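Go ahead and model the full structure; you've got the sequences and the hints to work with.
Protein sequence lines correspond, in order, to chains A and B. Its first residue numbered 0, the first sequence is counted upward by one per residue in numbering that gives the first Met the number 0. Its first residue numbered 0, the second sequence is counted upward by one per residue in numbering that gives the first Met the number 0.
Among the hints, erroneous ones may be present.
[As the list claims (entries may be wrong)] Quick partial rundown of chain A residues pointing at chain B, CB under 10 Å, derived from the structure:
1. Asp37
2. Val116
3. Gln122
4. His129
5. Lys170
6. Glu193
7. Gly195
8. Thr199
9. Thr247
[What the hints assert, rightly or not] Over the 12 Å line for every Cβ pair with chain A, so calculated as not near, a few chain B residues:
10. Ile102
11. Val193
12. Ile200
[Said to hold, decoys possible] Facing chain A, according to a computed beta carbon distance under 8 Å, are these residues of chain B, among others:
13. Trp75
14. Ser130
15. Trp137
For the record, the hints were derived by calculation from the structure and aren't laboratory data. These numbers were taken from a predicted model, which means no experiment stands behind them. Note that CB positions come from ideal geometry on N, CA and C, so glycine has one too.
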Amino acid sequence: MKKAIVVLSVICFIAASFCSDVAYHFRKPGGWPAPVYDFSKNPLSKEKILLGRALFHDPILSADSTISCTSCHLQYTAFTHVDHALSHGINGNIGTRNSPTLMNMAWGKLFMWDGAVNHLDMQPLAPIAHPAEMGSGLDTVLYKLRLSHRYRSLFYQAFADSTITGEHFLKAISQFMLTLISANSRYDKVMRHEPGITFTSQEKNGYKLFRKNCASCHREPLFTTNGFANNGLSVDTILHDFGRGIITHSSGDSQHFKIPTLRNIEFSYPYMHDGRFRKLQDVINHYTSGITEHNTLSKELKKGIKLSSNEKVDLIAFLLTLTDKDFLFDTSFSYPHHVFRQ
Amino acid sequence: MKCFVVTLICVAAFFCSPSAAQDTKKLPITFVLTYGLQPLNIAYENEPLNKDSTLIQACRFYISAIEFYEDDRLQWKESNSYHLLDAATAATLQLLLNVPEKIHYSSIKFRLGIDSTTNVSGAMGGDLDPSKGMYWSWQSGYINFKLEGRNTKCPGRNNEFHFHLGGYASSFASMQTVALTTENTNSIAIQFDVQQFLSGIDLTTQNNIMIPGNDAVILSKKAASIFTTKK
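This is the structure we're talking about:
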């Protein structure tokens, strides 16, 4: 019997050495709600996150290997495509929507401007297949990855399986996206009462105005409810985009778009689902004097927002405190040179 | 270390477990796909299309939640019961179930399609892997039933028709339940006649359904009604 236990232990030790991935502990910022993502179905590990990071930065995902996730989601600009109202994909094709920022994805419920995607794992399928984005398909991408010794090895290190399935591919990209947490802006530091960090009187007034006029949709600490709303934009006569209504087929959802987070808004211009506003000033002016009446208009906007020109400046001063340079320049999110050098 | 302990427990459990609590037997369920009275053929690419004829290029669907009943009492249900059947791959058309040896049943029940919980639970493996071509990319959700082919009545490119039936949200939930009486035999054959499915569709006007909606629900119901255990 003793012998059997020894033999068993040896077998187990050998078996265990094959699943040697290193667990990664997801740290929820203090005071934040519980994440929506179910980590029990996709436990984070350093190897899986690294694999996801490599995939995120690799143009192999697109039909002609020219466009990666990061082409339209650049880290330094809060993982969006700065200066592009509508993002462009393979062959210079132009899409129909402004690429959204990527951060705090673990708290997301529905993804894309219209909520067409119901789970973070499934989100990459949309840009991979969209003809104006990556113009490829999951099966094609998997085929290309399977030909790559580098990826067979990375998948093996991550999942103890080098066959490269769609499930593992998607879960690895999710893992990387789940690590993109922005919670270290000056706003956060003020809220945490960090020594020596305070709002200026202008920012303080801006925060008060924000709480009064914006916070019901752009709810703290995520600065979004993750819901959808009609924020009074006129329908673009070329794009004819009715947003969430197209997905739910419900007239009540017509012209509803995802409420985006305001974190790192300083760098995520242009703004709105179609990138129609280049400057924060334009966004504020829209809310004070540019609202288009519609029966699905958000009830919060029906009575109008009134701000003096000084108040507008104060509000913008507050919004700039949401910039998180630690996030924008965190090298653990950047192009993984060490992986691609091998 | 944690991994080591888990593996130890698993291996120990494997060696220590008594022989399965209940004796089981294999019960094959064969899906017989036909086009009228003929076996269903999947056309090869560029096969010439004769007037008034139909070529089927793809016929794939999910069968899930298989259950056996006797007099409305559940006798056995398969756990993790998700099967992707593909007319182009004969092996997928025969399911081999591990049922209790002494099972008695008078009917079999299954779903045509994938339940809403699975539809919103992220990336899955096996037959549910999104790389199987049965998952939409532009909008989340499984395609429950896919039928593609050509018929001269279809005015579009290459006279093609595409029916991608799916949708899980309450208003457009397209998964269907199929209940069939069956004899308590050592194997079960379930027929599905593609011609019968197409017979009620006017292909001149209805030849492309690739989004969730009322049309998908109506055609899903029609598809579910065609399964039969009758010879």
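Checked hints:
Restraint check, Asp37 of chain A versus chain B: the minimum CB separation of about 7 Å is within 10 Å; hint holds. Satisfaction of the interface hint for Val116 of chain A is found here, the shortest Cβ-Cβ separation to chain B being roughly 5 Å, below the 10 Å cut-off. Interface restraint check for Gln122 of chain A: the shortest CB-CB distance to chain B comes to about 9 Å, inside 10 Å, so the restraint holds. Here the hint on His129 of chain A is kept, as its CB sits about 7 Å from the closest CB of chain B, short of 10 Å.
The restraint placing Lys170 of chain A at the interface with chain B holds, with a minimum CB-CB distance near 5 Å, inside the 10 Å limit. With its C-beta approaching chain B no nearer than about 35 Å, Glu193 of chain A sits outside the 10 Å limit, and its interface hint is violated. Interface hint at Gly195 of chain A: violated, since its Cβ lies 41 Å from the closest Cβ of chain B, which is beyond the 10 Å cut-off. Interface restraint check: Thr199 of chain A against chain B, minimum CB-CB distance 43 Å, threshold 10 Å, status violated.
Hint status for Thr247 of chain A relative to chain B: holds, with the closest Cβ pair at about 7 Å, below 10 Å. Its beta-carbon lying about 32 Å from the closest one in chain A, Ile102 of chain B satisfies the requirement of being farther than 12 Å from that chain. Here Val193 of chain B stays apart from chain A, with its beta-carbon at least about 24 Å from theirs, past the 12 Å limit. The non-interface label for Ile200 of chain B is consistent with chain A: the shortest C-beta to C-beta separation is roughly 22 Å, beyond 12 Å.
A distance limit of 8 Å between C-beta atoms decides the matter here; for Trp75 of chain B the minimum to chain A is near 27 Å, and the interface restraint is violated. Because the smallest distance between the Cβ of Ser130 of chain B and any Cβ of chain A comes to about 3 Å, under 8 Å, the interface hint for this residue holds. The restraint placing Trp137 of chain B at the interface with chain A holds, with a minimum CB-CB distance near 6 Å, inside the 8 Å limit.
In the structure shown, a violation is registered for the earlier hints numbered 6, 7, 8, 13, in ascending order.
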